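Chemist: So the sequence lines, in the order shown, correspond to chains P and S. 390 is the number of the first residue of the first sequence in the working numbering; add one for each residue after it. 390 is the number of the first residue of the second sequence in the working numbering; add one for each residue after it.
Don't take every hint at face value.
Note that identical chains are pooled: a pair holds if it fits in a single copy or bridges any two copies.
Only pairs whose alpha carbons sit at most 27 Å apart, straight line, appear in this in silico DSS-like list of lysine-lysine [unchecked claim]:
(1) Lys503 / Lys685
(2) Lys685 / Lys551
(3) Lys543 / Lys685
(4) Lys441 / Lys454
(5) Lys454 / Lys685
It should be emphasised that the hints constitute simulated quantities derived from the structure, not laboratory data. Nothing here was measured: the structure is a model prediction, and the numbers come from that model.
There are 2 protein chains.
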Amino acid sequence: MNNQVTIEEQGLRDGIQNLDVILSVEQKLHFIDSLVDAGIKRIQIASFVHPKLVPQMADAEAVCKRVSKKDGIIYSGLVLNLKGVERAITAGLDHISCSISASDTHSQKNARKKLAEAKAAFLEMVKTCQENNIRARGGIQCAFGCRYEGVIAKEHVLDMVKFHLDTGIEELALADSTGMANPMQIEELMNSVKELAGDIPLILHLHNTESKGYANVYAALRSGVRIFDTAFGGLGGCPFITSATGNIATEDTIHMLHQMGYETGIDINKVAKLSLEMQGLLGHELQSKMYSLLQKDDIAII
Amino acid sequence: MNNQVTIEEQGLRDGIQNLDVILSVEQKLHFIDSLVDAGIKRIQIASFVHPKLVPQMADAEAVCKRVSKKDGIIYSGLVLNLKGVERAITAGLDHISCSISASDTHSQKNARKKLAEAKAAFLEMVKTCQENNIRARGGIQCAFGCRYEGVIAKEHVLDMVKFHLDTGIEELALADSTGMANPMQIEELMNSVKELAGDIPLILHLHNTESKGYANVYAALRSGVRIFDTAFGGLGGCPFITSATGNIATEDTIHMLHQMGYETGIDINKVAKLSLEMQGLLGHELQSKMYSLLQKDDIAII
Numbered sequence: 390m391n392n393q394v395t396i397e398e399q400g401l402r403d404g405i406q407n408l409d410v411i412l413s414v415e416q417k418l419h420f421i422d423s424l425v426d427a428g429i430k431r432i433q434i435a436s437f438v439h440p441k442l443v444p445q446m447a448d449a450e451a452v453c454k455r456v457s458k459k460d461g462i463i464y465s466g467l468v469l470n471l472k473g474v475e476r477a478i479t480a481g482l483d484h485i486s487c488s489i490s491a492s493d494t495h496s497q498k499n500a501r502k503k504l505a506e507a508k509a510a511f512l513e514m515v516k517t518c519q520e521n522n523i524r525a526r527g528g529i530q531c532a533f534g535c536r537y538e539g540v541i542a543k544e545h546v547l548d549m550v551k552f553h554l555d556t557g558i559e560e561l562a563l564a565d566s567t568g569m570a571n572p573m574q575i576e577e578l579m580n581s582v583k584e585l586a587g588d589i590p591l592i593l594h595l596h597n598t599e600s601k602g603y604a605n606v607y608a609a610l611r612s613g614v615r616i617f618d619t620a621f622g623g624l625g626g627c628p629f630i631t632s633a634t635g636n637i638a639t640e641d642t643i644h645m646l647h648q649m650g651y652e653t654g655i656d657i658n659k660v661a662k663l664s665l666e667m668q669g670l671l672g673h674e675l676q677s678k679m680y681s682l683l684q685k686d687d688i689a690i691i
Numbered sequence: 390m391n392n393q394v395t396i397e398e399q400g401l402r403d404g405i406q407n408l409d410v411i412l413s414v415e416q417k418l419h420f421i422d423s424l425v426d427a428g429i430k431r432i433q434i435a436s437f438v439h440p441k442l443v444p445q446m447a448d449a450e451a452v453c454k455r456v457s458k459k460d461g462i463i464y465s466g467l468v469l470n471l472k473g474v475e476r477a478i479t480a481g482l483d484h485i486s487c488s489i490s491a492s493d494t495h496s497q498k499n500a501r502k503k504l505a506e507a508k509a510a511f512l513e514m515v516k517t518c519q520e521n522n523i524r525a526r527g528g529i530q531c532a533f534g535c536r537y538e539g540v541i542a543k544e545h546v547l548d549m550v551k552f553h554l555d556t557g558i559e560e561l562a563l564a565d566s567t568g569m570a571n572p573m574q575i576e577e578l579m580n581s582v583k584e585l586a587g588d589i590p591l592i593l594h595l596h597n598t599e600s601k602g603y604a605n606v607y608a609a610l611r612s613g614v615r616i617f618d619t620a621f622g623g624l625g626g627c628p629f630i631t632s633a634t635g636n637i638a639t640e641d642t643i644h645m646l647h648q649m650g651y652e653t654g655i656d657i658n659k660v661a662k663l664s665l666e667m668q669g670l671l672g673h674e675l676q677s678k679m680y681s682l683l684q685k686d687d688i689a690i691i
């Protein structure tokens, strides 16, 4: 079994979109550069959404244009509509996450579109990426449960997966945006998705809202998933999901992975120092456990 | 596969021993009665340790004598030495957890005995339980790692397991006192322990110190473990382990279990209300995630 795991760092997108403190472009660039220096190979650096709805992302173009891109690193942006795709392309990104919700209600709140409209728009978004030689990652939000609708039927999610695959997306992410997934469900659903997806790389986006985030990582590893979205410090939460809290933390995820013999190429101490720095900026403790443990020099960490 | 899971509630022992606020006997009795009312079938209500070292447990005798025991419920106490066993018997308990550390250094700090001395004492402790017709649960602390010694070798833990089984203990608990275990390690070790233990019920005691607590529950379920120690609110931590934090939370554990089709017989809303009450007593948020989510009436919980 392949023991290489890739982390897509989302702290500068999903991680900060809900914060009260608005980070400057310079602060964002500092964290992006430092995370890449720590060994992060994929990083989402902005979302192209309406600046009035998500003020933290109003400087998306500036961040994308000013970031000093390193070879071999994927710098990505999240988009929810065609205008977002066009903005991301103009901003010079060559990897775009085109995302759509499995929940009709969440889709209306997050993207202001009913599911049928969102699917029609998604086709245009992926087509535009393809015409511009942009690598498109497809994403299904609320794939494991919705705070408005409750259970999202497995069959419905698999239909969404087929819809995504038919568009020719090059990677597919399933998101537990609400943290409602349980590990048994993750294992079952991801096994089914894997059969449909063939060689298309699968990505899992998890939140620790209900304490199950890392159990879900373990379950997904068992299903063969080898790419995870995480946020340093365990930052995060969707502004349009009530009670959405932190992403699984980069440092806690890779600590568990490294203990189990998986390789990520990421220096956990460097990530932990960035979380500590973010704690200082925000003035309160973060959700991650490992970043503070790693600062203590009187305890063994294995 | 058996889908019945038993929770041993440890909030009134491991959960509070590290708190600044000293609970009164009346407050402890209120929480014990309310937890049993919520469906808890096993509950650790005191430890018989030196009152100067753990002031929170100075009223152990009073709690044990005044608790109104319900039929079919196990009320248990933790002991670390022969004097503790004698105190627990005098206090009227008929279920005693005799615990010993797998780590020599932790044993010296927690029980003031080197491992060899602790093992000799353990034989006396179990013998005394047996002579008094007390059900003895054996426990191995720091079975998955130690903050002083780092890695605890699997072979050493299995030797400790054999030592325990040879004494005739009726149940065996392995404790990840430090929260250092990872799910792969849990699965491997518990599979080996299960082979040795035969029909002796196995119990796992987990902490969420490194975010892996619930992943470890999932792994242990896969190894056939069906009894878990938890603490409502995710309270807890050992006074003699640097950086030890909360036990896995009763409500978060049973939420995950119920979602996966396991039955515990516990009413999660009642437990969540007790955690909320404890939050009020302590004046700060607890580690558990579900107790606050369950207070919101505008979100779906599945």
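Chemist: All hints, please: hold or fail.
Modeler: Going down the list of hints, with the structure as the test:
1. Lys503 / Lys685: between (50 Å within a copy, 26 Å between copies)
2. Lys685 / Lys551: neither (48 Å within a copy, 35 Å between copies)
3. Lys543 / Lys685: between (44 Å within a copy, 26 Å between copies)
4. Lys441 / Lys454: within (21 Å within a copy, 63 Å between copies)
5. Lys454 / Lys685: neither (38 Å within a copy, 42 Å between copies)
In summary, the numbered hints that this structure violates are 2 and 5.
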